[in-house]
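*Asks:* When you get a sec, could you build the whole thing from the sequences and use the hints?
Going by my numbering, the first residue of the sequence shown is number 131, and it counts up by one from there.
In case anyone wonders, no lab produced these hints; they're calculated from the structure.
Careful, some of the hints might be misleading.
25 Å max Cα-Cα, derived PhoX-like pairs, lysine-lysine [unchecked claim]:
#, residue 1, residue 2
1, K186, K201
2, K186, K171
3, K201, K224
4, K186, K269
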Amino acid sequence: IRSLPANTPVLPENISSGRRAVVMESYRWLGTPYRYGGNTKRGVDCSGLVHAVFGKFGVSLPRRARDLIRKGRSRDRGDLLPADLVFFADTAGKGITHVGVYLGENRFIHSSTRRGVIISSLDEEYYRRHYAGARMIIK
Numbered sequence: 131i132r133s134l135p136a137n138t139p140v141l142p143e144n145i146s147s148g149r150r151a152v153v154m155e156s157y158r159w160l161g162t163p164y165r166y167g168g169n170t171k172r173g174v175d176c177s178g179l180v181h182a183v184f185g186k187f188g189v190s191l192p193r194r195a196r197d198l199i200r201k202g203r204s205r206d207r208g209d210l211l212p213a214d215l216v217f218f219a220d221t222a223g224k225g226i227t228h229v230g231v232y233l234g235e236n237r238f239i240h241s242s243t244r245r246g247v248i249i250s251s252l253d254e255e256y257y258r259r260h261y262a263g264a265r266m267i268i269k
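*Replies:* Structure follows, in structure tokens:
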């Protein structure tokens, strides 16, 4: 991607090149349709997106959201940086059921069952209600 898609958060100058690369790679997935268990551009679910984006840079992560939340280091919501993972509970069953990649400015990219890979806001009522924490995977 040479330029950022419209309405995307401005990346801070001081974030690491690794974080910047993860965010830029995640933007390449915008518009990919949702597919349960998918991890390709033909269709991807939420953890498949995370797995594919981080995997491109040699970061091996578990395939399920409920396993992903055990990786990395816990992050307070007020300390989130682009490329941190954000988790949601009880969205499709009990426990940790959804994950996305934080972009900045309270927005994150994720694979929505209805709309595929999109950018949403942590301030939306639904995501505020189901927010379950965040993890730092890379510095």
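*Asks:* Take the hints in turn and mark each one as holding or not.
*Replies:* To see whether the hints hold, each was checked on the structure:
no., hint, result
1, K186 / K201, "holds (18 Å)"
2, K186 / K171, "holds (13 Å)"
3, K201 / K224, "holds (19 Å)"
4, K186 / K269, "holds (16 Å)"
Checked against the numbered hints given earlier, this structure breaks none of them.
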